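Residue numbers (full-length UniProt numbering): 1 to 403.
No lab work stands behind these hints: they were computed from the structure. Heads up, a few of these hints could be off.
[As the list claims (entries may be wrong)] Derived DEER-like restraints, expressed as beta-carbon distance ranges:
(1) 299 with 269: 37 to 47 Å
(2) 270 with 385: 27 to 37 Å
(3) 125 with 402: 22 to 32 Å
(4) 170 with 350: 32 to 42 Å
(5) 241 with 383: 43 to 53 Å
[Stated by the list, open to error] Calculated lysine to aspartate or glutamate pairs in the EDC-like style (CA-CA distance at most 16 Å, straight line):
(6) 350 with 214
(7) 9 with 144
(8) 45 with 29
Keep in mind it's a predicted model, so treat the numbers as computed, not measured. Using N, Cα and C, we set each Cβ at its ideal position, and we do this for glycine too.
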Amino acid sequence: MATQKSIKKIVLAYSGGLDTSVILTWLKETYGCEVVAFTADVGQKEELTGLEEKGIKTGASKVYIEDLRLEFARDFIYPAIQGNAIYEMRYLLGTSLARPLIAKAMVEVGKKEGADAFAHGATGKGNDQVRFELAFKSLAPEKEIIAPWRTWNFGGRADLIEYAKSKGIPVPVTASKPYSMDRNLMHISYEGGILEDPYREPNEDMFLLTVSPEKAPDAPEYLELDFIEGNCVAVNGKKLDPYEVVDTLNTIGGKHGIGRVDIVENRLVGIKSRGVYETPGGTILFHAHRDLESITIDRDTQHHKDKLSAEFAELIYNGHWFSPRMAAVRAFISETQRYVTGTVKVKLYKGNCIVVGRKSQVSLYNPEMATFEKEELYNQKDAEGFINLYGLPAKEAARLRKK
Numbered sequence: 001m002a003t004q005k006s007i008k009k010i011v012l013a014y015s016g017g018l019d020t021s022v023i024l025t026w027l028k029e030t031y032g033c034e035v036v037a038f039t040a041d042v043g044q045k046e047e048l049t050g051l052e053e054k055g056i057k058t059g060a061s062k063v064y065i066e067d068l069r070l071e072f073a074r075d076f077i078y079p080a081i082q083g084n085a086i087y088e089m090r091y092l093l094g095t096s097l098a099r100p101l102i103a104k105a106m107v108e109v110g111k112k113e114g115a116d117a118f119a120h121g122a123t124g125k126g127n128d129q130v131r132f133e134l135a136f137k138s139l140a141p142e143k144e145i146i147a148p149w150r151t152w153n154f155g156g157r158a159d160l161i162e163y164a165k166s167k168g169i170p171v172p173v174t175a176s177k178p179y180s181m182d183r184n185l186m187h188i189s190y191e192g193g194i195l196e197d198p199y200r201e202p203n204e205d206m207f208l209l210t211v212s213p214e215k216a217p218d219a220p221e222y223l224e225l226d227f228i229e230g231n232c233v234a235v236n237g238k239k240l241d242p243y244e245v246v247d248t249l250n251t252i253g254g255k256h257g258i259g260r261v262d263i264v265e266n267r268l269v270g271i272k273s274r275g276v277y278e279t280p281g282g283t284i285l286f287h288a289h290r291d292l293e294s295i296t297i298d299r300d301t302q303h304h305k306d307k308l309s310a311e312f313a314e315l316i317y318n319g320h321w322f323s324p325r326m327a328a329v330r331a332f333i334s335e336t337q338r339y340v341t342g343t344v345k346v347k348l349y350k351g352n353c354i355v356v357g358r359k360s361q362v363s364l365y366n367p368e369m370a371t372f373e374k375e376e377l378y379n380q381k382d383a384e385g386f387i388n389l390y391g392l393p394a395k396e397a398a399r400l401r402k403k
């Protein structure tokens, strides 16, 4: 832990929740220095109401609230969609994508304010501590990093609640919300509390972005998504910027119960954690984009990219957004998107996002080649020689084993 003498000003990742409210006060008491609270608007919506006033009352010398929604969509969500990033085949990485952006913005505020250190409220059991700190180390290696959950004497959130009451800090945790929630433009995640029993079904009133499939409309809704070089640029013919695309699809997808996922995932630190996610817009984009690739990317490139997508997702999940390896992976992905341009039609119906059509001016799909009817471009007799050569290793191995 850094000494009091070496730390004169700290930039804290501040949400206004129990943990970071206590941390703000604790930092001032422990280090006797100025604390600047930083909040990134990445799509939390009503959670930002009254945050600046609360931060000042809790003891922050300044409160920065920066609107990063467009940057989040354009520079983090869209690259993840281009790379088909999905962790353990289920999780679309909403929280994982937001952390490096928040850290990047904190570094910029730290330079402006002349801060000596950055602080965050991630626990020593979770993934966010790694995501924040790897970003800080990559972008501002000379600065100190303070992680109170790894150093203070509080044993858990019950201790924080008592401390908050003693300091007159409002406590935003109640019995009606016995779980942890993280919201941004990409998703809402729910963890902890009553969800720690992996066999217990979540209460329906927990969900904020999506209706249950049972209560979704009885008629399907069709959408057309236009893509240019792997990025969605219009919904139903209306041109939108990346933020507007995701926000629009969240609303439409949520109405049809799209994007609910309930999983037990493997954290980087080795702990299995149950998480429940709502990702309506991201789910629609993921399926539409991958399907457009099926007609615009050649087979070998697509197969290699599919393999790389798992690695790309792990790099995001494990906090390596600013690493050299990530830069190399993203360069490959970017190159594959040169011809991912076209339109995808999806059908939304009671929790299902179904691709029902795709077209592109640069499509590699040739109906004259694919047809089962008589055609001139493909000589079926050629397949015999190909199979003989392709199957030669298997045939020879079987022949030799019989000797």
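Each hint, compared with the structure:
About 38 Å separates the C-beta atoms of residue 299 and residue 269, a value consistent with the hinted range of 37 to 47 Å. For residue 270 paired with residue 385, a C-beta distance near 52 Å fails the hint of 27 to 37 Å. Between residue 125 and residue 402 the C-beta distance comes to about 57 Å, which lies outside the given range of 22 to 32 Å. For residue 170 and residue 350, the Cβ-Cβ distance of about 40 Å falls inside the hinted range of 32 to 42 Å, so the restraint holds.
The supplied range of 43 to 53 Å is met by residue 241 and residue 383, whose beta-carbon atoms lie about 48 Å from each other. Pair hint residue 350 plus residue 214 holds up; C-alpha atoms about 7 Å apart against a cutoff of 16 Å. Proximity of residue 9 to residue 144 is assessed by CA-CA distance (about 11 Å); at most 16 Å being required, the pair is judged to hold. A distance of roughly 31 Å separates the Cα atoms of residue 45 and residue 29; the hinted pair therefore is violated under the 16 Å criterion.
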